[in-house]
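Protein chains: 2
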Amino acid sequence: MDKNFNYSSLKLGIIGGGQLGKIMSQKAKKMGFHVTILDPTVNCPAAQVSDRQIVGGFYDKEKLTQLVKECDVTTFELEHIDTQVLKELYDADYRIFPSPYVMELIQDKYEQKKLLHEKGIPVPKYKNVETKEDLQSFGLPVIQKTKKGGYDGKGVMLLKTKEDLENCIKVESFIEELVDIDKELAIIVARNIEGEIAAYPVVEMLFDERVNICDIVMAPAKIDETLNEKVKEIAIKSIEVLDGVGIFGVELFLTKQGEVFVNEIAPRPHNSGHYTVESCATSQFEQIIRAVTNLPLGSTKLISPSVMVNLLGEEGYEGEPFIEGIHDALEIPELSFHFYGKKETKPFRKMGHITVLDENLNEALKKALKAKDILKIKGSKKI
Amino acid sequence: MDKNFNYSSLKLGIIGGGQLGKIMSQKAKKMGFHVTILDPTVNCPAAQVSDRQIVGGFYDKEKLTQLVKECDVTTFELEHIDTQVLKELYDADYRIFPSPYVMELIQDKYEQKKLLHEKGIPVPKYKNVETKEDLQSFGLPVIQKTKKGGYDGKGVMLLKTKEDLENCIKVESFIEELVDIDKELAIIVARNIEGEIAAYPVVEMLFDERVNICDIVMAPAKIDETLNEKVKEIAIKSIEVLDGVGIFGVELFLTKQGEVFVNEIAPRPHNSGHYTVESCATSQFEQIIRAVTNLPLGSTKLISPSVMVNLLGEEGYEGEPFIEGIHDALEIPELSFHFYGKKETKPFRKMGHITVLDENLNEALKKALKAKDILKIKGSKKI
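Heads up: the sequence lines are chains A and B, in that order.
Per UniProt numbering, the very first residue in the first sequence carries number 1; after that it's consecutive.
Per UniProt numbering, the very first residue in the second sequence carries number 1; after that it's consecutive.
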């Protein structure tokens, strides 16, 4: 896509049609591009706002090939995809960003950690698990993680007792020292085809401890300027090391001793960057479109502080979603309501989110927590 | 739509599938609503980002009826629609907002002006044209306007000479005194079903004089606080007088003598409110969705000053659009690029727009004018 490319007819492919694909597509459509979604669910959230859907799974070689060949450039909203076929297409000069090689590396959390460690990026102490004895190399308690396939708290286990050791993860895994966490931080980093790089503000994530899903994001994080710069530097170096093109969500631990460790990296728009839609000059969703279509990156400037709260399906409900409290919640000023259009709710399923702006971050948090109390995503069936 | 209504399955209908319908639909989809577009052009801009399109014209009684009956609530992005069939549906308790009665009144610029005048809203001196002599009631020069069907500078004529009088508008029209304009101002006003009302900041419009199309919008207008309040008050009163529900673009003249006159009112999102997408806590496009679905209005707070520039098709080109200068323009920081996805460009056709944010309005204007110089919408055919 050089300067003579006709962007008014640009065809973009997105693998995955959930909320991330949906908002990415909306931003691509804002710029007038043609968008095709590949997803196995007919009428998935992203397909509802796009030109076209190819119905197919993420390991369906034929459909993946069709998508890539019919589009000028293809990107994705999730990393659990068949990389083999994408690598072949990439090697045959089809445009896929981030590259399937980067995707493959990141799919394996152990290899990801190893590369970062080798390149001098601070990560918590970790060790490959080959034998049962390996589990106790750092003593107990310790964190065990699957190498592949984990997300939203799945594939992670805290081993505290001998009994936990018996019930440990049985697939390929590694252990990680339990760090003394003060805050969980995150930062979105964008890098385009030319290597131009841009970091968003550092944010602070709070988790729903019942299921270990990121629940609340405060932008910016309440940390001092030195630490802020350190986190940015580490995150930018991480993406350079990966040679990634697109948007990357870098999750980090800040320990009580003031150390910073990279926890993991997502090679796509990230839940911790939803706030950028309302808060930043260019959202992470527009930024990935710019990055993969060889356009200059947009400004990552924070226009207003904000707090984002995920709307998870209530425990005890499934079926057609019902949004309880929408009238009262939308009374809250500077609140933006997102609902993804998923046909079925399930306990803790990500159904939507809200972002509340306020010049004063504490006020934004107060308003966001009030909305969190009011808004409940119930369902047509009690379970 | 009371508090027990299930908003997760809300079906919204939009009459008209251009850029206004497109962005309205994107905001409705953000909130998870189901959107159907009625438009005669297959795959029009709004249909590309919506669930469904009914292909039909704006005077097609059958298709209008189908849309209204299949949706929980129907709104529109243009006012040149068959109001007769919509009035019948409205009277049969189908939800259509703004009401077709308001739409009908506004369609006739003379009746609109008369009502505002009767209710004490300041408007320029005007007079119905029944005979040729009426044209000269205020002397020359004078403005002649068609009562119905005008938009974007069409249906407006400046009569200066005897010759102009011969070439005057021949359909139903009225004349308006030529006021000594200092600035053309505009303000978006929202009113919901409960009568809650909210005004956006007052903005200043600059026009492309070749075709009298609004070209540049500066938000906020550079006017003092007293005048600002006066404009807001006049605009709010105008919408109350109309008993309108939805979004209204109120255009005003500020004279060199400091008087303020309402020029005209559009009963829909307005070009002068495009800036709200990036600049305000709630965009005009989300606001209309909230207003017509009986949700509370969102905050109209200006988060950042900005300047919006329309991207009009270059003179001398038609056919498939080509965006010249996109790489260089997108280098400009805090610039948001909108391209509508129209398949054909024409001279002066509205093909897209950009919005540039900056804490300093003059800087925003400088950046926007630079982008305007760089970005050219050319076409596949020279004419």
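One or more of the hints may lead you astray.
Since the list can't tell identical chains apart, any single copy or any two copies may satisfy a pair.
As the list claims (entries may be wrong) - Derived EDC-like pairs (lysine to aspartate or glutamate); straight-line CA-CA distance at most 20 Å:
{"no.": "1", "residue 1": "K183", "residue 2": "E251"}
{"no.": "2", "residue 1": "K301", "residue 2": "D358"}
{"no.": "3", "residue 1": "K370", "residue 2": "E104"}
{"no.": "4", "residue 1": "K301", "residue 2": "E359"}
{"no.": "5", "residue 1": "K183", "residue 2": "E70"}
{"no.": "6", "residue 1": "K61", "residue 2": "E104"}
{"no.": "7", "residue 1": "K382", "residue 2": "E111"}
{"no.": "8", "residue 1": "K3", "residue 2": "D373"}
{"no.": "9", "residue 1": "K11", "residue 2": "E324"}
{"no.": "10", "residue 1": "K170", "residue 2": "E229"}
{"no.": "11", "residue 1": "K148", "residue 2": "E130"}
{"no.": "12", "residue 1": "K11", "residue 2": "E320"}
{"no.": "13", "residue 1": "K378", "residue 2": "D2"}
Source of the hints: derived by calculation from the structure; they are not laboratory data.
Hints, one by one, checked against the model:
1. Taking the closest pair of Cα atoms, K183 and E251 come within 20 Å of each other only inside a single copy of the chain (11 Å); across copies the shortest separation is 50 Å, beyond that limit.
2. In this assembly of identical chains, K301 and D358 lie within 20 Å of each other by CA distance both inside one copy and across copies; the values are 16 Å within and 11 Å between.
3. Taking CA atoms no more than 20 Å apart as the test, K370 paired with E104 passes in neither setting, with 41 Å inside one copy and 42 Å between copies.
4. Taking the shortest alpha-carbon separations for K301 and E359, both the intra-copy value of 14 Å and the inter-copy value of 12 Å come in at or below 20 Å.
5. For the identical chains of this complex, K183 and E70 are neighbours neither inside a copy (44 Å) nor across copies (50 Å), given an alpha-carbon limit of 20 Å.
6. For the identical chains of this complex, K61 and E104 are intra-copy neighbours only, at 16 Å inside a copy versus 55 Å across copies, given an alpha-carbon limit of 20 Å.
7. Taking the shortest Cα distances, K382 and E111 never come within 20 Å of each other, neither inside one copy (42 Å) nor across copies (55 Å).
8. Within a single copy, K3 and D373 get their C-alpha atoms only as close as 50 Å, which misses the 20 Å cut-off; across copies the closest is 17 Å, which meets it.
9. For a Cα distance limit of 20 Å, the shortest separation of K11 from E324 across copies, 18 Å, qualifies, whereas the shortest one inside one copy, 38 Å, does not.
10. Taking the shortest alpha-carbon separations for K170 and E229, neither the intra-copy value of 39 Å nor the inter-copy value of 68 Å comes in at or below 20 Å.
11. With identical chains, the CA atoms of K148 and E130 are at most 20 Å apart within one copy only, with a shortest distance of 15 Å there and 80 Å across copies.
12. When the C-alpha separation of K11 and E320 is checked against a cutoff of 20 Å, the pair qualifies only between copies, where the shortest distance is 15 Å, while the shortest distance within a copy is 33 Å.
13. In this assembly of identical chains, the alpha carbons of K378 and D2 lie at most 20 Å apart only when taken from different copies (17 Å versus 49 Å within one copy).
Taken one by one, the earlier hints fail for this structure at numbers 3, 5, 7, 10, listed in ascending order.
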